[in-house]
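Peer 1: Residue numbers (my numbering), protein chains in the order written: chain F, 2 to 166; chain A, 46 to 445.
Honestly, the hints are just simulated from the structure, not real lab data. A quick note: this is a predicted structure, and the numbers were derived from the prediction, not measured. Heads up, the beta-carbon is just placed ideally off N, CA and C, and yes, glycines get one too. It is possible that part of the hints are untrue.
What the hints assert, rightly or not - Label-pair distances were calculated between CB atoms; the ranges are:
| # | chain 1 | residue 1 | chain 2 | residue 2 | range |
| --- | --- | --- | --- | --- | --- |
| 1 | F | Ala82 | A | Ile252 | 39 to 45 Å |
| 2 | A | Asp68 | F | Val105 | 31 to 37 Å |
| 3 | A | Lys241 | F | Gly61 | 50 to 56 Å |
| 4 | A | Gly214 | F | Glu87 | 38 to 44 Å |
| 5 | F | Thr134 | A | Ala82 | 52 to 58 Å |
| 6 | F | Asn69 | A | Pro367 | 52 to 58 Å |
| 7 | A | Arg260 | F | Ala85 | 54 to 60 Å |
| 8 | F | Cys60 | A | Gln325 | 48 to 54 Å |
| 9 | A | Pro120 | F | Asp66 | 49 to 55 Å |
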Amino acid sequence: MVSTQRSWPHDRIPVEPRGCDTFGLPDDRRLDVAEQVPLVDYLVLGDEPHLQANECTACGARFFDRRNACASCGKTEFTKAAIATEGVLRSFTIVAFAAPGIPVPFVAGIIDCDGTQVRANVVDVEPDPEHVTLGMKLKLTTFPIGEDSAGTEAIGFGFAPLEAN
Amino acid sequence: MASDDIWILGITMTKFGKRPEDDVVDLAAEAALGALADGGVTIQEMGVLAAGNLMGAAAGIGQQLQKQIGQTGIPVYNVANACATGATALRTAIMAVKAGECDMGLAVGVEKLSGAGLLSGGSRKEDADTWTPKGRYGAVAGLDGRVGTEIMPGVFAQVGMEYGYEHGGATFELFARISEKNHSHSTLNPLAAYSKAMTLEQIMGDIMIAYPNTRPMCSANCDGAAAAVVVSDAKLKTLDPDQRRRAVKVSASVLTSDPWDEGCQQLPNVNTLTRRAAVQAYEQAGVAPEDLDLVELHDCFATAELVHYDNLQLCAPGEAVPFFESGATWRTGSTPVNVSGGLESKGHPIAATGIANIWEVCHHLRGEAGDRQIEGAKVGLAHVIGLGSACGVHILEKAA
Ligand SMILES: [Zn+2]
Numbered sequence: 002m003v004s005t006q007r008s009w010p011h012d013r014i015p016v017e018p019r020g021c022d023t024f025g026l027p028d029d030r031r032l033d034v035a036e037q038v039p040l041v042d043y044l045v046l047g048d049e050p051h052l053q054a055n056e057c058t059a060c061g062a063r064f065f066d067r068r069n070a071c072a073s074c075g076k077t078e079f080t081k082a083a084i085a086t087e088g089v090l091r092s093f094t095i096v097a098f099a100a101p102g103i104p105v106p107f108v109a110g111i112i113d114c115d116g117t118q119v120r121a122n123v124v125d126v127e128p129d130p131e132h133v134t135l136g137m138k139l140k141l142t143t144f145p146i147g148e149d150s151a152g153t154e155a156i157g158f159g160f161a162p163l164e165a166n
Numbered sequence: 046m047a048s049d050d051i052w053i054l055g056i057t058m059t060k061f062g063k064r065p066e067d068d069v070v071d072l073a074a075e076a077a078l079g080a081l082a083d084g085g086v087t088i089q090e091m092g093v094l095a096a097g098n099l100m101g102a103a104a105g106i107g108q109q110l111q112k113q114i115g116q117t118g119i120p121v122y123n124v125a126n127a128c129a130t131g132a133t134a135l136r137t138a139i140m141a142v143k144a145g146e147c148d149m150g151l152a153v154g155v156e157k158l159s160g161a162g163l164l165s166g167g168s169r170k171e172d173a174d175t176w177t178p179k180g181r182y183g184a185v186a187g188l189d190g191r192v193g194t195e196i197m198p199g200v201f202a203q204v205g206m207e208y209g210y211e212h213g214g215a216t217f218e219l220f221a222r223i224s225e226k227n228h229s230h231s232t233l234n235p236l237a238a239y240s241k242a243m244t245l246e247q248i249m250g251d252i253m254i255a256y257p258n259t260r261p262m263c264s265a266n267c268d269g270a271a272a273a274v275v276v277s278d279a280k281l282k283t284l285d286p287d288q289r290r291r292a293v294k295v296s297a298s299v300l301t302s303d304p305w306d307e308g309c310q311q312l313p314n315v316n317t318l319t320r321r322a323a324v325q326a327y328e329q330a331g332v333a334p335e336d337l338d339l340v341e342l343h344d345c346f347a348t349a350e351l352v353h354y355d356n357l358q359l360c361a362p363g364e365a366v367p368f369f370e371s372g373a374t375w376r377t378g379s380t381p382v383n384v385s386g387g388l389e390s391k392g393h394p395i396a397a398t399g400i401a402n403i404w405e406v407c408h409h410l411r412g413e414a415g416d417r418q419i420e421g422a423k424v425g426l427a428h429v430i431g432l433g434s435a436c437g438v439h440i441l442e443k444a445a
């Protein structure tokens with residue numbers, strides 16, 4: 002269980018930045034800002050949060066997971082590629098039945114971010130087919146999903162209607 | 046001289062539905078013994094056994110079955126390939142016969158799924174005490190429901206909606222009408238798990254699982270098994286005229302996996318591998334889509350059936366919506382699809398499905414389908430998708 006009580010982890014030092022700018026701040030400021038971790042490795046926090054793919058240097062195929070090799074061409078060199086933070090809703094479903102502990106209804110979708118497909122929830126929108134429509138323009142947004150027992154805050158992401166931003 | 050054609054000599058499916066008195070082996074044995082009897086052969090004549098039971102994939106259903114119906118010492122292949130498990134078992138037996146290792150083989154698929162619920166694939170553990178990155182995405186917490194959905198009704202809902210994004214017309218009502226068709230078809234199938242017609246209003250008004258799929262638009266979890274005996278052309282020629290007359294030719298047997306393309310690791314692409322399998326199958330069989338008298342395709346959800354009209358080239362590219370709206374896929378139409386009731390109504394005991402759909406086609410080609418017989422059926426196609434993905438396509442032809 003994630004504790005809702007916050008206790009500052011004096012003895013915890015982040016092992017690696019993991020793309021999270023908060024870790025790079027001076028010590029005096031760190032006492033004022035909750036330590037944050039992204040929900041997934043491919044979410045880059047900081048002033049301009051964005052998603053980041055492993056891009057095959059040989060064929061340009063993009064992947065969000067840790068790679069052994071490229072599923073498109075088989076080569077093994079990758080570079081980090083920033084994904085566009087705006088996109089178009091290519092597909093969606095409104096999930097009304099889910100595993101225990103998952104709040105429903107929620108909107109799951111595929112967002113075409115300038116040619117790269119991204120899986121994410123569509124957030125800040127009424128979860129019904131009148132408000133969620135194919136082709137709608139969306140923008141990446143981040144939000145806290147909770148604190149762990151050490152007071153570290155995890156940051157999740159979703160895509161919200163562009164008009165609302 | 047014998048050709049390298051392969052024939053279905055005997056084939057059976059059990060009654061699908063709740064089978065509380067029967068365990069997995071009982072169901073597998075019922076189907077296997079049924080298929081052997083249907084083909085007029087015995088387990089002693091089988092040179093290979095391929096068997097699948099996805100939920101118990103580690104338990105070796107093939108050997109468990111042998112211990113009930115005949116431990117003859119033949120090679121056994123226990124196969125698992127998601128919802129394509131049954132088709133994979135059949136294809137394994139076909140490959141062994143084609144390779145000349147034996148002249149007859151038995152394939153079995155069996156599943157007990159009654160009461161399994163609708164949520165296969167969906168899971169999210171309680172969050173841990175501390176946010177610790179885990180797995181290939183370095184996730185500090187469960188992703189199901191936070192980064193899209195893992196449940197199958199939701200995944201396949203998006204498959205159908207994506208088709209709508211590309212080609213238009215994919216409304217909630219359209220998908221519900223596909224389900225209405227399959228539920229109507231199953232009223233003529235005494236082996237179906239559900240054989241009650243449902244009105245469009247009932248389907249649209251039922252419990253929403255993952256928009257636009259309501260409960261009756263999802264495949265029905267149930268118990269069941271199916272089995273087939275395959276035989277080489279040379280061996281078939283030595284058998285009785287009655288066995289030869291009822292034999293059904295396997296004109297194409299194809300299995301594909303999912304080639305990489307952009308987005309396929311975000312939303313499974315069930316289209317490209319199905320297209321490829323269909324192209325290969327039509328070429329192998331020397332058959333064109335318009336030659337098909339009936340099609341059993343993998344309607345695991347109403348949203349999936351639509352895209353496979355296009356993938357199997359039953360319609361012009363992008364034209365699945367008007368194709369369905371024309372009535373073509375009703376049993377009275379030009380290309381009847383899922384006259385068995387499909388997975389939505391006949392039921393979907395996962396590993397049985399890939400042989401049960403071939404049983405349905407064979408039943409019509411033999412002219413033995415009773416009330417639901419498609420008159421004069423000579424050529425049929427059976428298709429399954431196992432998410433991950435694997436696609437099996439078989440084309441079957443009536444004995445000349
Ligand atoms: Zn590559």
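Peer 1: Are the hints correct? Go through all of them and say.
Peer 2: Okay, the hints, checked on the actual structure:
| no. | hint | verdict |
| --- | --- | --- |
| 1 | F:Ala82 x A:Ile252: 39 to 45 Å | 42 Å, holds |
| 2 | A:Asp68 x F:Val105: 31 to 37 Å | 35 Å, holds |
| 3 | A:Lys241 x F:Gly61: 50 to 56 Å | 52 Å, holds |
| 4 | A:Gly214 x F:Glu87: 38 to 44 Å | 27 Å, violated |
| 5 | F:Thr134 x A:Ala82: 52 to 58 Å | 55 Å, holds |
| 6 | F:Asn69 x A:Pro367: 52 to 58 Å | 44 Å, violated |
| 7 | A:Arg260 x F:Ala85: 54 to 60 Å | 37 Å, violated |
| 8 | F:Cys60 x A:Gln325: 48 to 54 Å | 25 Å, violated |
| 9 | A:Pro120 x F:Asp66: 49 to 55 Å | 37 Å, violated |
Consistency with the previously given hints fails for numbers 4, 6, 7, 8, 9, ordered from lowest to highest.
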